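**Student:** Here is how the chains run, residue by residue.
There are 2 protein chains.
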Amino acid sequence: MIVDYNKLNKKMKGTSVPKPLSGTLSGHAAGEPFDKHVYAEIKKQFPKNTFRQYEYLNDLFSKNPDVIGFDARQALFNSPTVLFLLSRGKNATDKWSMENPFDEKQNDTADILVVKDNFYELIDIKTRNILKSAQPPNIISSYKLAQLCAKMIDNKEFDNFTINYFELDWKLEHDRLTCTNAHFASLFNANPSDLYINWAAAMQIQFHVCDLPQTFKDTREKWTELYLKHFVTQAKKRAGDMIIKFVKPFEKYIN
Amino acid sequence: MIVDYNKLNKKMKGTSVPKPLSGTLSGHAAGEPFDKHVYAEIKKQFPKNTFRQYEYLNDLFSKNPDVIGFDARQALFNSPTVLFLLSRGKNATDKWSMENPFDEKQNDTADILVVKDNFYELIDIKTRNILKSAQPPNIISSYKLAQLCAKMIDNKEFDNFTINYFELDWKLEHDRLTCTNAHFASLFNANPSDLYINWAAAMQIQFHVCDLPQTFKDTREKWTELYLKHFVTQAKKRAGDMIIKFVKPFEKYIN
Chain A
294 MIVDYNKLNK
304 KMKGTSVPKP
314 LSGTLSGHAA
324 GEPFDKHVYA
334 EIKKQFPKNT
344 FRQYEYLNDL
354 FSKNPDVIGF
364 DARQALFNSP
374 TVLFLLSRGK
384 NATDKWSMEN
394 PFDEKQNDTA
404 DILVVKDNFY
414 ELIDIKTRNI
424 LKSAQPPNII
434 SSYKLAQLCA
444 KMIDNKEFDN
454 FTINYFELDW
464 KLEHDRLTCT
474 NAHFASLFNA
484 NPSDLYINWA
494 AAMQIQFHVC
504 DLPQTFKDTR
514 EKWTELYLKH
524 FVTQAKKRAG
534 DMIIKFVKPF
544 EKYIN
Chain B
294 MIVDYNKLNK
304 KMKGTSVPKP
314 LSGTLSGHAA
324 GEPFDKHVYA
334 EIKKQFPKNT
344 FRQYEYLNDL
354 FSKNPDVIGF
364 DARQALFNSP
374 TVLFLLSRGK
384 NATDKWSMEN
394 PFDEKQNDTA
404 DILVVKDNFY
414 ELIDIKTRNI
424 LKSAQPPNII
434 SSYKLAQLCA
444 KMIDNKEFDN
454 FTINYFELDW
464 KLEHDRLTCT
474 NAHFASLFNA
484 NPSDLYINWA
494 AAMQIQFHVC
504 DLPQTFKDTR
514 EKWTELYLKH
524 FVTQAKKRAG
534 DMIIKFVKPF
544 EKYIN
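Those protein sequence lines, which keep their order, are chains A and B. When you line the first sequence up against my numbering, it's residues 294 to 548, in that order. When you line the second sequence up against my numbering, it's residues 294 to 548, in that order.
Just so you know, the hints here were simulated from the structure itself, not pulled from any lab data. None of the values given here were measured: they were computed from a predicted structure. Be a bit skeptical, because a hint or two may be false.
One copy or two, it doesn't matter: identical chains are merged, so the pair holds either way.
[What the hints assert, rightly or not] No farther apart than 25 angstroms at their CA atoms in a straight line, the calculated lysine-lysine pairs in the PhoX-like style are these: (1) Lys-529 x Lys-336; (2) Lys-449 x Lys-409; (3) Lys-529 x Lys-437; (4) Lys-538 x Lys-522.
Based on the sequences and whatever the hints tell you, model everything.
**Tutor:** Below you can see the structure in the form of structure tokens.
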């Protein structure tokens, strides 16, 4: 791990950002200015290593101007797993040029990327209005995470990246959002069987960062195996539940 | 059917509303001012019969001030099917009073309700930025519709309500949204098997109103039977697809 989250926590607590002019204060978008705030702070600590995901891709492709086209650009990643996590689609990658770089994309895996000595630290910022009780936010697609685990096993890549979450709690004070607290959790320090999959919400894993137990002590390889077991068990359960809830009660009407 | 949608279409085309001050022009919320515009127009034509869903409930309960509590208030509806479509939950209904009436709710079934001679016309307004190609919007939960069809069959209620959709297409012109066209479709004029169910998006039926074929000519009773067949078939298919996509590929990693 590159970033010191305890230090980051102390830096953030008590800081404030202007209330967004547009939009309501409900929804996860409200705290977005904090995302930029955290990025600026990490960048201050690691100026050469801190990127937005799209910035990293623009940087990588710009440094290799002779490498053109999807396949060649994919090969610039020295890790198939990191490639899977960070790369864009074929069409977008084919079209990339210095004049037509990538822009921020809503469903990029990471908000912030810190890269050092071939280690990739993916950081996703979650913001939370402490005065409202909200559903846990979408964290990552459970299916994407299953594909990721399979790739880690296939390529025996267990130590070259991590996925971290940083939650900023805020409240509205005098037209500004003030950070009251912050919480850190690493996905791979959670017990895979604790991860809740909301199948109806695009199969997203959902949790509040502050509520995620960080009790997993075994190896990363073990983690991937346990997660895949969990995912497969939950997928089977959901398929069975669908029959019980959506098929059985209606069968008598359709003979 | 109470409302004349051809007439409504002519009234709407070419009209404009101020661009919303907050929020972006992407997303379905952008056209929301048109929703109010359509409501005002229908209300002009049927002043005593046109309601917001919450207004209708407030009106019904206000006219029966001695009827108190969930069960008694539920009994005010003379139709179990309409009750299922329009009523709020137990807690909210228990708490209702003249001083604490219902307010608009995001997931109410209808935007507009026209009630005449014990016939309920539910109208949902969909607005669409014609300059952006967007995913078809959420229409109604496929599960809720299945429950509705079962209730219709159980209570032999096939003729006392309908569910209609009215799409307003708009574009941004000089800081105003101008309605370029409008489209009408009735849910029960669509062939049930044409209804696309997006299981990952909260099991919502999704379509653009302008694209919904209105080719169903049989009885409403037949419609409910065909829809339940469609729903059950699709639920079984989704359960099977989940095993193929989310279980099989990962089994080799987990024993």
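**Student:** Have a look at Lys-529 and Lys-437 and pick one of within, between, both or neither, based on CA distance no larger than 25 angstroms.
**Tutor:** both (17 angstroms within a copy, 24 angstroms between copies)
**Student:** Cα distance capped at 25 angstroms. Does Lys-529 pair with Lys-336 within a copy, between copies, both, or neither?
**Tutor:** neither (43 angstroms within a copy, 50 angstroms between copies)
**Student:** Measure nothing new, just compare the shortest in-copy and cross-copy C-alpha distances for Lys-538 and Lys-522 to 25 angstroms and report within, between, both or neither.
**Tutor:** Answer is both; intra-copy 24 angstroms and inter-copy 15 angstroms each pass.
**Student:** I want to check one pair: Lys-449 and Lys-409. Are their C-alpha atoms no more than 25 angstroms apart within a copy, between two copies, both, or neither?
**Tutor:** Classified as within: same-chain Cα gap 20 angstroms, cross-chain 68 angstroms, threshold 25 angstroms.
When held up to the earlier numbered hints, the structure conflicts with hint 1 and nothing else.
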